[in-house]
Every structure is written in structure tokens, then in C-alpha cells.
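Now for the letters of each chain:
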Amino acid sequence: MDARGGRGRSLGRWAAAILILAVLLGSFSSSAPASEKVTVFLDDGGWRLKVGGSAYFVKGVVWSYTPIGETFTFNLWERPEEHIKAVLDHDGKLMKAAGINTIRTFAQIPPKWITYLYEEYGIMTIVNHLMGRYGFTVGGIWRPQTDYSDPATRAAIKEDVVELIARYKGTPGVLMYALGNENNYGLYWTGTEIQDLPEDERQKGMARHLYTLFEEIIVAGKKVDDSKPWTIVNGDIQFLDLIAEEVPSLDILGSNVYRGRSFTDLWERVKAELGKPVCFMEFGCDAFNARTFTEDQAAQASYIRDQWKEIYEKSWGQGQEGNAIGGFLFEWRDEWWKYLQTENLDKQDKTASWSNGAYKFDYVEKSTNMNEEWFGIIAIGPPNADGVTAAYPRAAYYTLQGIFAVDPYESSITEVAEALRELDMDKITLTSEIRRLSRESRDRSMFRLAGGGFRGEFVASADEQLIKEEGQKGVIMSHGEWLFLDFEFQLAKVLQGRFTINVMGNAPERLIETEFYGNRVNKGEVVETFQVEPDGAIGPDGEEVDLEFTQKRTIRSGSQIELYDFEAKLSLNPFDLLTFYHTPRYHWRYEGDVYGLLWEATDIKGMDLWNAKAPIGAEFDFTKGKREGFKLVLGPEVYWGANPLVMVKYWRKMGDFQFSILHSEEFGRFSEGDSPSVITLDPVRRTTVWTRFDHIEGLQIELAGIMAGTERIGDEYDRVSSSGRIEEREIDFEDTLGGKVKVTVDGIDRIRPYASAAYQGLVADGGEPHKEFGTLLPYSQFGNKIEYEAGVGIFLEEWIIFPRVLYRENLEEANPLIEPSVEGTVLQPGILPRNREDDPFSVTDNRQGWSAEIFFTYDPTGGTGFYEWNNDEIEDSDLVFNFGFNYTSYDTKTDSWLRYSPTFQDNVVLGPGLEPDDVWAFSTRWLYKPTADLRLIGKFEAAREQSWGAPGPSRDQYGLHLKALTREGHFLAGYAIKDGWGPYDFQRQLNFIWPWQFGLEAFWDISQLMPKSVRNRYGKRAGLGVRTQYRTLGDDSPEYEPGVNGYEFDVTLYFKFEF
Amino acid sequence: MRTTAYGLVILSLFLVTGIGCGGGGGTDKTEVPLDTSTQLGFLRSEDEGLFPDDSVLDNPNNPFANSAFPDLESYFELNEDLPSALTRYYLWATALANLAAPETQFLVAQSLHELYTEGGDPLARVQAIRAYRSALDNFFDSKFFFTADFLTGEPLVGTAVKNLIAENLANSFERGLTPLVEPFDENLGQAQALVGEWGYSIRLVIAPDLTTPNDPNDTVVQYVMERNL
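Chains as they are written, first to last, in this note's numbering: chain C, 1 to 1059; chain P, 1 to 229.
Worth flagging that the hints you see were computed from the coordinates, not collected in a lab.
All values derive from a computational prediction rather than experimental measurement.
Each residue gets a CB set at the ideal place from its N, CA and C atoms; glycine is no exception.
Treat the hints loosely; a few may be bogus.
Claimed, not checked - Using 20 Å as the maximum straight-line C-alpha spacing, the simulated EDC-like pairs for lysine to aspartate or glutamate come out as follows: (1) 29(P) - 715(C); (2) 605(C) - 576(C); (3) 29(P) - 628(C); (4) 939(C) - 872(C); (5) 29(P) - 838(C); (6) 29(P) - 823(C); (7) 29(P) - 730(C); (8) 360(C) - 310(C); (9) 29(P) - 819(C); (10) 366(C) - 576(C); (11) 29(P) - 310(C); (12) 939(C) - 868(C); (13) 29(P) - 716(C); (14) 29(P) - 812(C); (15) 158(C) - 70(C); (16) 29(P) - 839(C); (17) 366(C) - 628(C); (18) 29(P) - 727(C); (19) 309(C) - 147(C); (20) 742(C) - 787(C); (21) 158(C) - 147(C).
Said to hold, decoys possible - A short, non-exhaustive set of chain P residues, derived as facing chain C with CB atoms under 8 Å: (22) 28; (23) 31; (24) 34; (25) 37; (26) 60; (27) 63; (28) 66; (29) 70; (30) 81; (31) 82; (32) 142; (33) 201.
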């Protein structure tokens, strides 16, 4: 036995086994491609990118997917897998057909979907961390303005990027890593180090912090994954010298460049000053002509062709700079949310938001021409049969298809030029225009039905008395039908609008929910009675009798059809004119309206209860959407309860200094017949000024002044002097003035304290108080006060703790009630509590007292604010909650409160006022997402509170509200309230209390049961629901009768369909 | 720069909190002397005291124009203590202007009638006649409620205002009033002629005497105002 030979055979077997295993492994690994190494390569021809050793020219687009009606919070990756796949398949096919090989996105695509796109369509992705461009959470604090000089911020961003890279490392389909998005355009923080430098130097000082952080992160990132190149996304080539100096580890200069048809000297400068390859992370042209106010596909396609032609010419081997490695055209699809971001989400806004003279086809001096919502090479529309937002390729798409058919590395510069020349731009544009016109003639004619909805209800309602007296027959059965039809119109290029018509069938009758939209039909009900006396009627015993028949006829005089809302916009050169009727409008508080004179009018549902139609009016916007400049609003009711008025505002921001001036002139009183649903008072003239200084390190100083109610100068009012005598005084000019100072300390880590002091004369009434972070401090719009407030925002990791205190004194206290009396021949006339109907001012919610509170908020992500009105729908954290407690001590009584009485169509006085008392409130709200498809939301409140006018004891109340929402649209909600007021304001005004109130509602979205094609094309939502309410009656319930009537209930079955 | 800013803030705080320290004295109105004369004298407008005119609130002679009446009841309470018919006129005219309560028009008329009785002021007579007519024209079916202290339990009893007007006009002496229309010895006939011009008539009926509820045979003559068809 040859031991060696035997060993040799043995080795041979091992070698064979290893070979076989290697082959097997090789074949296995080829079925699941590994992440390929990507390198940047320089030779005599210039720079090239190599993927797995092969040259790779980036033929990219910035890819996004935001359906109509959604905004930046939309997250495709949270949708069902089937839907994600449908979207990627749809767009992947289109992109592949155009020759696109790479995409860049702002939202992180999960690794599995990057690989999916790569495997199925050969499309690679760059992973882009935004580096705090739009704010960043540092130590649990959401900081909207990122300070790149702050060590904690730098560490937090670095840690986040490194974590991201670790997650994506080895993902097949990743082309490179990118950092930021024009972060050099967002350097606004303040700090000791740079504060005293001249403006240019200050900017550069801040930029240096940014670029050193880029370098730190790239070095750290390469330690995690060095198989991909690293780039930054710079705004043009600003600070090129700093990049060269501070970011030596950079592989590729990524840049967003909007220079029109040509990138001019960029290539030359980058080659000379940086010596790195260039990849454009954004460039392109919008498809809307701001000059002609029409879509302009030809201009977009033409600009894009020239831009790509230049990129090709500057690439490897073309004999020029050779530093272009490709780029990402901005952008793939239109995004309808980009202008105003949370408004008009279902409309493609035509307002140009910035100006760029390099796009000469629509540039007009001193005017904006860049339309953010029109940059797509794909226009979008309603969902297709698969539920994917429809895509309509523009001429630019076909142009790109022609360009990308050419491989710059296989073609000479002459061949590239020839290929692009052969593109028949006229034909491409004409074909696309025909497609567009055909689509628009179908979708957007001069006047069209844009959508609508139907709701049908069947209601059973009763109370104990009805049940006892009539049994089952006592249950009131009724039904209701609502139909809404939404119309859009475009009467000229610059005039477009929309309106909704409501058609009511019947309105149901409810005992609990007595006020609701549509019951105008019932309010107009007239019952006519007829008596019929037939001659010679014969009774059962043959006698002649007179019979009387009573017949009732119901006439509905309330309108069955009404205009529900309306808005139209006329876009002219100096201003936009917006007319509005019952459409939501926002306040101007962030534009300098510090006294809140323009109230927010977004509570459309609240107004609908009373069929109120505010806001009604028109706005002239000379700022053209930029906020700075003049705005003028006028109308009969520009917010709910407003008198007819004109309001003009000028706001200006100059560096660290802002100021505004606002004047409001009311011209009359919202009167009988105008269906006012809230308290209106005599017309008032108001003027306010406001300034804010931010240029002192760590301090924000606001000064404000108000002059209001000058028309009341000379009006008399009664008061009780300190000696107990009753005096009559007059309103002076001084009583119309007010002022406020607020100082916020902004420079302490994790702590943001503020303090303010304010004075408002007797009649210097402001507007809607500004409430932030869920505060329960008892702010008031009215004057007659000196007010001090202080608070500290404490930001700890994922928590916000906010203690606040408020102290208020009245300049004139409320009047007591002293009834008149007579002694001999002397009358003591007494004194009445004041009321705003008969007196120039009064003490109501502006009463003297102090209030303290503390709120704890747990919100790990700052992007979707816990206190946003739509947080239930948009919250992105798995768990958020808050809890807080407020204690308020009212030292003195109030004057009389007013209530608007629909019966008398006038204000009525609600008793002599509220007594001094201490009140408190505890509240907590939470949102928990146990799975990506389910949201559990709850709210609990316990409080001791006073009414809004009617005398009576303070009430201890408790309320629990729970809701479960699913992504498919199903929900289950319920509530239990003990000793609470009812759902309407007047019930708290009148101090009506129900011992127990319960409610339960379940809604089943049946959209999924409809055929897919029908659902996606015609139906937004359809569902069936049941809603029950039950409440017990007590001494303070208006319907209560001891032993006779102790409860009432409503049960509503409903169906709704939105199309 | 920082010093300037702090100075600015402190100055603002001073201005903001100091500006409210003003406020001069007002006119004392703790007490108002009541006029006990028997002449009406001055009317703010021709229709003062007649629904729906509210000019009495601007009449400088009206001591109640700025008095603090929280409700109708407080007028009745004060009425008890008033020293003269003139002051009662102003009281009820004020109540009518403020509340437009039906019975207050009758009380305006009655106080003017009393004033005429006291001083024979011809203006008071004319206004009393107009006020009675206004009460009939505007509040014909209204009730006047009073506490029947002559009955057990002192219940609240409602009496038709129109009948009280009939009594005051047609049976003035019994009511302690001077007839508004001469000759006085033909009180009933003159009253019937007066209200007849307005479209009403006065009828006399025999009715149980409520003050002696235990004796059903006790009757009284009641004056009843009726609207002519």
C-alpha cells in the first residue's frame, strides 16, 4: 500500500469534493446576485464608474411616488407588499423601457425592494442620508434647524449614518452612498464662534463645520462598507474650495444644479479645483410655462435634451473634461403636494414658487417661474386598475428614451451629437401633446364632475318616556340621505376653481345628536292641518253624525339643494385673487399676526352643525405664495362669527429681523338673516404691529402693540370704586392700547425658557389666542388685563416636559349685582354685571387668576408632531403619548356671559356671571401601533370645570375615548363620559349635564369587496357603519323628568360611498 | 448690542405693565334723587312710554335709565317703595323699553292715570289714554299675575289685563282714579265711547267674588273688555 499514493488519492477525492462544492456554491450564488463592488476609475480618457469591473454610466432619475391627495408623510413602504410590488413593477417597466439604470430617492427604500428593482429591472439605487437637511432629532429633541457645529448633533448624525450603512451593506442593487441634499443652502444657525464674522465669512464658517462632518462620516462609513463610492449632494458647486480642503475622502462630487440648458463652467472648475468626477444628483426643467400659464412639454424636453447632451460630451473618452459620470434627472413623477405641502393636495398647483433666470422660456424679471409640482417627466392621474397612481409620460420621457439609447462609452462625441440630432423633438412633443390633450379633454374639460359622495342613514331614536307610553311604537324611525357632488372648472388659463353641491333627501330625527349637517331640511318643516267635514255621515247605529278628519301635510321649506362650498383662484401678475365660501382657511399667526386677528376657519364640521357658511370672502395675495409682502382679505364673514371686514397685512423678514403691521376694519355687524351661529359684537377697528429680533445670541425678542376699539372712546361704563361707591366712567384713548414683550432663550442645550408680559387696555381686544403643545392655560382674546406668562420647554431624549404658568389681573374687575332700592325719595340705582352687548367691555374668560400646568410628551420622532391636528393619521412612531395637569385659580367673579340664541337670532345674557373658583384638568392621549396596519388611539380626561356662562356649580367630569383604526379603513370607536356636558357648545354655555354618556361606532370599509377595477377607478371609499349613543338624564339635563324620563338613545345604521 | 437689547426689553416691560396704572375718577351715581312732582312735564319723544318706543331710556328726567334691574321681578319689588306716580311711570316705562313685557304697558298707563289723578296734568291724561290703547292693541290677551294674599296659600292669580283696563276706564272712582274722559258722572258711557273708537267694547258681567271663595252667593260686577268683531 503506497501510503503516499493512498494519501494522493485521498487528496484527490478532497480536491474533487472541494471543486464540486465550489461549483455548487458558485451556481447557487449566481442565482442570488451579491452586491457588486463599485469603484471610481481614472485613466487618460477621464473618470468612469465601474460596477463589478464594467464601466457604468449613471442614467438616472430622482424617483418618488406620492399619490394625489397625499403629502410628504406618505410612505409607500408601509403599504401592503402586494401594493408595493404593483407600484415598483409599474414604474420599473416604464423606467427600464426608457433606459434608466439608476434612481435616487429621498425616502429610504428598504433593502429588499432595492434588490427587487435591481433583479427585476436592472435598476440600481443610491442610498442617500439627508444629514439633518430638514431637521434632526438630537438627544430626543427635534431640532428643525441643524447646527453642524454642535458636537452632540454631529455625533448623532454620524451614528445614524453609520447605522444606515450597516443596514444596507451587502444589499444587491446599491450603487453608492450619498450624504445630504443641498445642506449648504440651509446654514442658518447662530453661535458664538461665528456670530461676529462678516456675513460671507459667517456662512463659510458654518459651511466648514458641515464639510468637516461630511469627511468624518465618509471615513467612518468606509470602515463599515468600502465596497461603494461615497458622494455628497451639494447645492451647485458652492464652497468648492472647502470641499477640496475638508473632504479628501470624497469619491464623487454630487451636485444639484439648475443652470438652465448648460452647466457652463462647472466641469472646468470641478476638474481644476477638486479633481473628482461629477454626478448630478438633481437637474432638469419643469414642464409648466409660468409666462403662458400652460403646460409646456416642448420646453421641458428641449432643456433636458441639451442638459444630457452636455453631460455626454463631458464624460469619459470624449476629449473634454471627462469628469461626468452621469446624473439623476429631477424628477420621475410629478408631486402635487410640493406647493404649500399640506393644502390643495388633490390639485396640481400652478403657482411658481421660486425664480430662475436660466430658464428663459418662461422667465419674467421680478417674477417666479419654477413650478415645483411640474418637474416630473411623468404626469400623474387617478389610480389605475391595479391601484397604482396613473402615469402619463411627457415628451421628456420619450426624449430621455432616445438619449439613453446611446452609450457614451461606446460612441464618439460626433456619434452622440448625431444620435441626439436625430431625435425628432417635434414629433415627440406633438405626440405627447396629443396624448395630453386627449387625456385632458376627458379628465379636465372646462367644467367637470370631479367626485363626490353619498351617505344614507337609518336612525332609531327614543327616550324612556316614549318607550313607556308607546312601547315599541315610541321609537322614532327616520332616515336621511346626503349626496355631495364636487365640480371643477377652468374658465380661463388663469381662472380655476371648484365647488360642491349638497342634495338632501330627508334628514333623520335624533334625540341626542339634534344638530347636524343637513337638518336644514327639518328646520324648514311646516305642518299644515286641514279639517274635512263630510255631510250626512252615518254612525254605527244609523244616526247622523258630524265627522271631523284632521289631515296633516308636511311641507319642507328648508332647501333640499344648496351650494356647500366654493372657491376660485384668479392668478394675475401682481397678485392672486382667491375667493372662498365655506372652505378651510388658516390663520396668519406665523406671518406676524401676533394678536390673532384673523381667526383660523378650519372647523368646517363644527360650522356644518349649524349650517353656517363661513368663511366667506376674498383674498388678494400680493406675496404670490411667498408670505412676505402684502395680503388683503375682505368679506362678509372671513372667519366664523366675523363681522364684515377688510384686513390688510404687510410682513417682512430682513435677516434676523422681522416685522409686520396689520389693520382690520369692520364695517357692520353680522345681522339677522345672515344666519350667524356664534356671538357677534359691534364692529371694531384694530391695528397691530409686531417685531422680532433673532440676532442676539441665544435670545429671541418679540415686541408687539395693539390699538383696538377706538370707536368706543366716550362710551360709558359703570364700576364700583374701592370705597364701594358706584361710578360712571368713559372709555379713553388709553383704554384702546396694548403692548406685549416676549423673550425666549434659545441657546441653552435641551432647555428653552420663555417669559412674557402683556398689557391690553379695557377695549383693546385681540383675536384668537395661540395655543401650542396642548396647553390648557386660560388665554383670552379680550383686553382689560395685565398678563404675565413664563414656561420652560425641557427636551430629554424622547421626552418633552413643558411646565408653564400664567398670572392675570384685570384693569377693571367684574361688577357685582346690586339691585336698585329706594329710601324715601332717594334711589340707589344699583349696578349690574356688564355684558359685551350693552357695555364696552366685560370680564368673562379674561378674568383675573393664575394658572399652572405641566405636560409630559413622549414622541420619539419629531417629524410627525404629536400635537398636529391630524396626528391620528400621520404619526410615524409606534408609540406616542402625553399626560398633563393644569390647575387654575380664579380669584374673582365674572361679569355676564353672552350666548347667541338661534331662536331669538340675538345675543342673550346668561345670568349674572360665574363665581370665583378653582378648577383643574388632567388629560392624557396616546397612540400605539401594535402592527403596521393597526393604530390604537385613546384619550382620557378628568376635570373640574365651570360652564361658559350659565350660573351653577363647577362640575367634576371624566371622559374616556378609544379608537382602533386599520390601514384598510375599518375602525371601531367608543366613549364613556361621566357628568359631562354634551357635544355642543351651547350645552356647556347653559350648563346642561348628563350623568352618563356612552357611544360606540363601528365602520367596515367594503371597498376591498368591490372589483379592483371599479374600486380603483371610481371609488375612493365605501363602507357600512353603525353608531349608537346612549345617555342618562339627571337634574341638569333639559329632558329630565323624574320617574318619567331617565334616558335617551340614538342608533344609526349608515352606508357611505365616496367616488 | 446685548446691553441695548436687554435695555429694550426692560423698557418694554416697564411700558407694558406701567401703562395700565392710569384711570381717573368717574361720575358718582350711587344715589339719585327722585322727583315727587305731579306733572309729567317733559317727554323725550311723542311716543315715550308707548310700545315699541324706548326713548324714555334717554330721558334725562328718568331716574331709572341706568338702574340695575336684573329681571322683571326686581321692577315689581322696587315699585312698592316708590314715592310718586311720576316715579312709577318712569319705572314701568323703563321696564317696557327694556323688556317689552306685556303687562308693563298696562302699568305705564295706570301710573300715568294715577299721575293725572294726582295733579290733573293734561299731558299725563293724553299719554294715559294712548298707553291704555297701546296695551289693548299690542297686548290684548296678556295676563297680569298677582299674589292673592286674600286667599289661603296666597296663590298666584292671573287676571286679564284687558279687564283691568276696562275697570280703570269705566269704574275709575272705585279704583281711586279720576276718569280720563268728562263728564265724570257718565264714566261707563264715556269709557265705552272711548274704547269703541278703538274697536273694543266694555261689557258688565256678574261674577263670583274671589275674595270670599267660601260664599258662592257673593258676587261682584266685573268689567270685561271685548274686541269688536
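Hinted pair residue 605(C) and residue 576(C), Cα distance within 20 Å: Violated, at about 27 Å.
20 Å limit on alpha-carbon distance, applied to hinted pair residue 29(P) and residue 812(C): Given pair residue 29(P), residue 812(C) holds - Cα atoms ~17 Å apart, limit 20 Å.
Hint consistency between residue 29(P) and residue 715(C) [alpha-carbon to alpha-carbon, up to 20 Å]: Holds, at about 16 Å.
Satisfaction of hint between residue 628(C) and residue 29(P), Cα-Cα up to 20 Å: 52 Å, violated
Hint status (Cβ of residue 142(P) to nearest Cβ of chain C, threshold 8 Å): This interface hint is violated because 19 Å lies over the 8 Å limit.
20 Å Cα cutoff - pair residue 29(P), residue 839(C): Holds: residue 29(P) and residue 839(C) sit about 17 Å apart, inside 20 Å.
Hinted contact residue 66(P) with chain C - closest CB pair below 8 Å: 6 Å, holds
Restraint satisfaction for residue 201(P) [CB to CB of chain C, less than 8 Å]: 30 Å, violated
Restraint check for residue 309(C) with residue 147(C), where alpha carbons must lie at most 20 Å apart: 39 Å, violated
Holds or violated: residue 742(C) to residue 787(C), with C-alpha atoms at most 20 Å apart: The hint holds at about 11 Å.
Straight-line alpha-carbon gap residue 29(P) to residue 823(C), limit 20 Å: Holds - the C-alpha atoms of residue 823(C) and residue 29(P) are around 15 Å apart, at most 20 Å.
When the least beta-carbon distance from residue 63(P) to chain C is tested against 8 Å, hint result: Nearest chain C Cβ about 5 Å off; hint holds.
The structure does not agree with the numbered hints 2, 3, 11, 15, 19, 25, 26, 32 and 33 stated previously, though it agrees with the rest.
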